[in-house]
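J.: Please work from the sequences and hints to get the whole structure.
When we follow my numbering, the leftmost residue of the sequence shown carries the number 1, and every step to the right adds one.
Keep in mind that the hints are not guaranteed to be accurate.
Claimed, not checked - Computed cross-link-like contacts, DMTMM-like style, restricted to lysine to aspartate or glutamate with a CA-CA straight-line distance of at most 25 Å:
(1) 223 / 271
(2) 570 / 623
(3) 710 / 918
(4) 68 / 53
(5) 293 / 333
(6) 130 / 396
(7) 368 / 271
(8) 704 / 494
(9) 758 / 732
(10) 68 / 47
(11) 704 / 670
(12) 608 / 670
(13) 643 / 203
(14) 867 / 890
(15) 360 / 323
(16) 130 / 147
(17) 570 / 540
(18) 368 / 395
(19) 917 / 890
(20) 130 / 371
(21) 141 / 47
(22) 368 / 333
(23) 36 / 271
(24) 140 / 47
(25) 185 / 323
(26) 188 / 314
(27) 668 / 957
(28) 68 / 41
(29) 491 / 201
(30) 360 / 314
(31) 527 / 918
(32) 749 / 623
(33) 99 / 147
(34) 930 / 869
(35) 814 / 969
(36) 372 / 271
What the hints assert, rightly or not - Here are the computed distance ranges between Cβ atoms for each label pair:
(37) 392 / 844: 25 to 31 Å
(38) 780 / 610: 50 to 56 Å
(39) 224 / 56: 29 to 35 Å
(40) 780 / 738: 43 to 49 Å
Hints in this document: simulated from the structure, not taken from any laboratory.
Where a beta carbon is used, it is the ideal one built from N, C-alpha and C, also for glycine.
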Amino acid sequence: MQVNSLKKSQIFFALLILFTFWIDYTKAQTSLGLEKQFIHETRSNKEDFALIEKGRAANIFYDVNDYKGVIRAIGDLGQDFFSVSGVKPELKSIKPLEKAIILIGTLGKNKLIDQLISSGKLNKSSIYGKWESFLISTVKKPFPGVDQALVIAGSDKRGTIYGVYELSEQLGVSPWYWWADVPPKTRKSAFAVSGNYSSGEPEVKYRGIFINDEAPAMTGWAKEKFGGMNSKMYTHMFELLLRLRGNYLWPAMWGNAFNEDDTENPRLADEYGIVMGTSHHEPMIRAQQEWKKHGVGAWNYATNPQRLNAFWQEGIKRNKNYESLVTMGMRGDGDEPMVEGGDMASNVRLLENIIANQRKILSENMEKPVEKIPQLWALYKEVKDYYDFGMKVPDDITLLWADDNWGNLRHLPTTQERNRGGGSGIYYHFDYVGAPRNYKWLNTTSLPKVWEQMNLAYNYGADRIWVVNVGDLKPMEIPIEFFLRMAWNPKAMDREKLAGFLLQWATREFGSGQAKEIADLVRLYSKYTTRRKPELLGPETFSLINFSEAQHVAMEWSTLSNRAAQVNNKLPQQYKDAFYQLVRYPIQAMKTVTDLYIAVGKNRLYFKQGRAATNLQHNLALDLFKQDQQLSDEYNLKMAGGKWNHMMDQVRIGYTSWNDPKKNIMPKTDEIQVPSKSGFGVAVDGSSASWPSTSNVPAPTLPKFESLNKFQSYFEVFAKGSAPINFKLKSDNWIRLKKESVPGTNDYKVFVDIDWTKLSSGKHQGKIQISDDSTLVVIKVEANKATAKQLAAAKGTFASLGAPISFEAFQASKQVSRNGVSWEAIPGYGRGSSGMSIFPVTSTSLNKPGTPTLAYPVFFAENGEVKIDLVVGPTVNFSPEGLRVGISVDGVAPQILTIIAKPSASGSDASWANAVKDNARTLTSSHFLKVSGRHTIKIWMVDPAVVLEKIIIYKGELPTSYLGPIENEIIR
Numbered sequence: 001m002q003v004n005s006l007k008k009s010q011i012f013f014a015l016l017i018l019f020t021f022w023i024d025y026t027k028a029q030t031s032l033g034l035e036k037q038f039i040h041e042t043r044s045n046k047e048d049f050a051l052i053e054k055g056r057a058a059n060i061f062y063d064v065n066d067y068k069g070v071i072r073a074i075g076d077l078g079q080d081f082f083s084v085s086g087v088k089p090e091l092k093s094i095k096p097l098e099k100a101i102i103l104i105g106t107l108g109k110n111k112l113i114d115q116l117i118s119s120g121k122l123n124k125s126s127i128y129g130k131w132e133s134f135l136i137s138t139v140k141k142p143f144p145g146v147d148q149a150l151v152i153a154g155s156d157k158r159g160t161i162y163g164v165y166e167l168s169e170q171l172g173v174s175p176w177y178w179w180a181d182v183p184p185k186t187r188k189s190a191f192a193v194s195g196n197y198s199s200g201e202p203e204v205k206y207r208g209i210f211i212n213d214e215a216p217a218m219t220g221w222a223k224e225k226f227g228g229m230n231s232k233m234y235t236h237m238f239e240l241l242l243r244l245r246g247n248y249l250w251p252a253m254w255g256n257a258f259n260e261d262d263t264e265n266p267r268l269a270d271e272y273g274i275v276m277g278t279s280h281h282e283p284m285i286r287a288q289q290e291w292k293k294h295g296v297g298a299w300n301y302a303t304n305p306q307r308l309n310a311f312w313q314e315g316i317k318r319n320k321n322y323e324s325l326v327t328m329g330m331r332g333d334g335d336e337p338m339v340e341g342g343d344m345a346s347n348v349r350l351l352e353n354i355i356a357n358q359r360k361i362l363s364e365n366m367e368k369p370v371e372k373i374p375q376l377w378a379l380y381k382e383v384k385d386y387y388d389f390g391m392k393v394p395d396d397i398t399l400l401w402a403d404d405n406w407g408n409l410r411h412l413p414t415t416q417e418r419n420r421g422g423g424s425g426i427y428y429h430f431d432y433v434g435a436p437r438n439y440k441w442l443n444t445t446s447l448p449k450v451w452e453q454m455n456l457a458y459n460y461g462a463d464r465i466w467v468v469n470v471g472d473l474k475p476m477e478i479p480i481e482f483f484l485r486m487a488w489n490p491k492a493m494d495r496e497k498l499a500g501f502l503l504q505w506a507t508r509e510f511g512s513g514q515a516k517e518i519a520d521l522v523r524l525y526s527k528y529t530t531r532r533k534p535e536l537l538g539p540e541t542f543s544l545i546n547f548s549e550a551q552h553v554a555m556e557w558s559t560l561s562n563r564a565a566q567v568n569n570k571l572p573q574q575y576k577d578a579f580y581q582l583v584r585y586p587i588q589a590m591k592t593v594t595d596l597y598i599a600v601g602k603n604r605l606y607f608k609q610g611r612a613a614t615n616l617q618h619n620l621a622l623d624l625f626k627q628d629q630q631l632s633d634e635y636n637l638k639m640a641g642g643k644w645n646h647m648m649d650q651v652r653i654g655y656t657s658w659n660d661p662k663k664n665i666m667p668k669t670d671e672i673q674v675p676s677k678s679g680f681g682v683a684v685d686g687s688s689a690s691w692p693s694t695s696n697v698p699a700p701t702l703p704k705f706e707s708l709n710k711f712q713s714y715f716e717v718f719a720k721g722s723a724p725i726n727f728k729l730k731s732d733n734w735i736r737l738k739k740e741s742v743p744g745t746n747d748y749k750v751f752v753d754i755d756w757t758k759l760s761s762g763k764h765q766g767k768i769q770i771s772d773d774s775t776l777v778v779i780k781v782e783a784n785k786a787t788a789k790q791l792a793a794a795k796g797t798f799a800s801l802g803a804p805i806s807f808e809a810f811q812a813s814k815q816v817s818r819n820g821v822s823w824e825a826i827p828g829y830g831r832g833s834s835g836m837s838i839f840p841v842t843s844t845s846l847n848k849p850g851t852p853t854l855a856y857p858v859f860f861a862e863n864g865e866v867k868i869d870l871v872v873g874p875t876v877n878f879s880p881e882g883l884r885v886g887i888s889v890d891g892v893a894p895q896i897l898t899i900i901a902k903p904s905a906s907g908s909d910a911s912w913a914n915a916v917k918d919n920a921r922t923l924t925s926s927h928f929l930k931v932s933g934r935h936t937i938k939i940w941m942v943d944p945a946v947v948l949e950k951i952i953i954y955k956g957e958l959p960t961s962y963l964g965p966i967e968n969e970i971i972r
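T.: This is how it looks when you write it as structure tokens:
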């Protein structure tokens, strides 16, 4: 058993956060691929290989018998040399006679490389017989007349291509040079440090993306720029995938048929080296649109098996010479449940028959044993229910487990499933159309959450396929790269590397000068956006009356937007298009939509309160609605000369159901006829009412002040008419007031705090009077000052004299581990600074709560019943036992809390729907404090994979808000 103190815990967490901003800039890392940066501006020793020197680039040699995709990638490399240096190497396929050469090829496909291996000058052991592996090595005297060679050797086609693009990236060409207009890093010289650099095999065999929900954005863009979703467009996508070390693609299928729309599509995909598939509901390499075009009869195997078999056979024959990963099984037409033939048992038998016949078609038409043909069966939505019922799946088929469409895994492979020949994979989502709400517009993906979920997947053996729904591809650039990089080697992307990823990315894309600030902008954008996706925002999302929540949220976005503008002003001109699409536009767009809904909320509140400023908020909302379109126009029509027109055409404002409206709809606002006469009203912190009031509402009272948690409250004095207002303020001498005018209005906001030096310990009541010649409003003020005894007992705790206590989970005073199992921080996870979860993630569940534990000291001045909310990640029950966590107060036996969010196939479960909308789940327990004073809250492990974000302790009911009370500070 190991015990860690609060100080040690906080230092550990601080170091993790600092790591986010720590990179050795002198290394100028330009690649996110290999662990080691081996290309530098200057020669470190005479053995280094000169790639670019004195206005000349080393020439590249290849074998004409190598794969076409390899030769094509070598052509890209030559162009990349030119992009960074202005000089272009010659590409040669003759016997080399030059002093220094670059030699690129695939084992068994390049005679010169095979010769080096035979002569013992190149060691192939790190790549021979391995999947998609490459070796980059400097070789002395490789051939007669050649002094030195830089050799890139691949174990297979993609291995060689990955090696080529690794060199490109290290030279300074971003994988996103075309898709995000990232300019190349210019250099006059480049040297490869002598040595051997090996990639190793990818940990996940098939790593890819799914282009989905692509109308109207990507389809509109592709039609304008390329004439449609054809090979002219797809070749850019193939290249991007290879530069990111991806290898797998589910093509666009909303109104598109990849293999028929352009017959060059599948041929070029294979030539480039991309493994093609079809989505989870498009079996046997046939698109849904192909059935709409060619199908005869119903898409129902129970009634139409012959025509469906023939349809599938045509698809297999057509693509049999191309590298494919075949989707098996069957769902209903158009991503719907299969037309059921009866009860569950009947449907299972039908599906088993379908797969048996599909495998027969594969075997007969691909002329190889069916066990040698890569296949997957996607256990998506209701299909998983068939599997759980007992459906038998051939051992060689990969089970592709799906998340819940919102980034939460529904299942992890069991021990038995991990031993299957076909293994397991994951279908994940960065974009979705369906309940409880579509999300398609912006990148709303949290990288720490992706890491947490996919780290679970990898450690539980789901490592055969990782494919992610990326919508229109743009603007998902950052999570796409993170997902594919992690898929290559999840072991290299540990929690500490997670913290540094964005800084490495920003350094590569924009240089080291602004990288730290850009990385932080993206980090905070992700944190703020993933609290609630823009399509789910509404006027009531953030509280206008409690905890100044809406004001704080708006201020966060305003600060972030201003910081982005400052960075933009400092960046060289060539970076501004990339910065706008990758960083600045998402921030401005999300800020604008958030401000819009807050303005609508204020408009409705002010209308209810009778404020003259009602119309001001109405006009502000209209302006923000227009500004949203102006930002899209900037992205579509002006940025990069209009290169990405239509990419920001997704609808995002005005949702009333799960599906998007036909166009953005301005939310309803109210206008009033503002009277000319003078008069004031009063609104107070924590209430939606206003005074003077003709209705039966309690007298205005501010939230209670207490000395252990000093905070500022406020009230507002607002004009009811167009004329300025005059009023007097009077209060007890221990109540401090600070009046500020509200810009653009005749209103005033008065901030209130307490001069504690003028109060004795105990509870006090006071008042604030607001008056003019005809009106008097009296606000009640209550303050509670801790006694010396209470203050002494509260030191070192999160404390309260009655108000809620709130703190982040990482702030434990003590962590107790057990046999290497402990609660550890996931930096950046959730709404706060981090989340706490059990590591190793494969730790065995406990029958009852036990160590490891987290302990938190709290001080509560009142005894009696309290409630404790644990805010946890929105993880769903991916195992039969569920996900549980224990909680106790002092020495009382711990309670077990169960995360019961288990989505139904239809997505209709309300508990799950609320969890994914909030991107968090709250578990509430009740506890009885026998005495007032100091207590210890303990969190106990029961199951791994629970991520704890925040703890809130309170009596009665919490005031309504989205993010909860502001966090307390430890009493010092």
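J.: I'd like to know which numbered hints this structure contradicts. Please list them from smallest to largest.
T.: 2, 3, 4, 8, 10, 11, 13, 16, 17, 19, 22, 23, 25, 26, 27, 28, 38, 39 and 40
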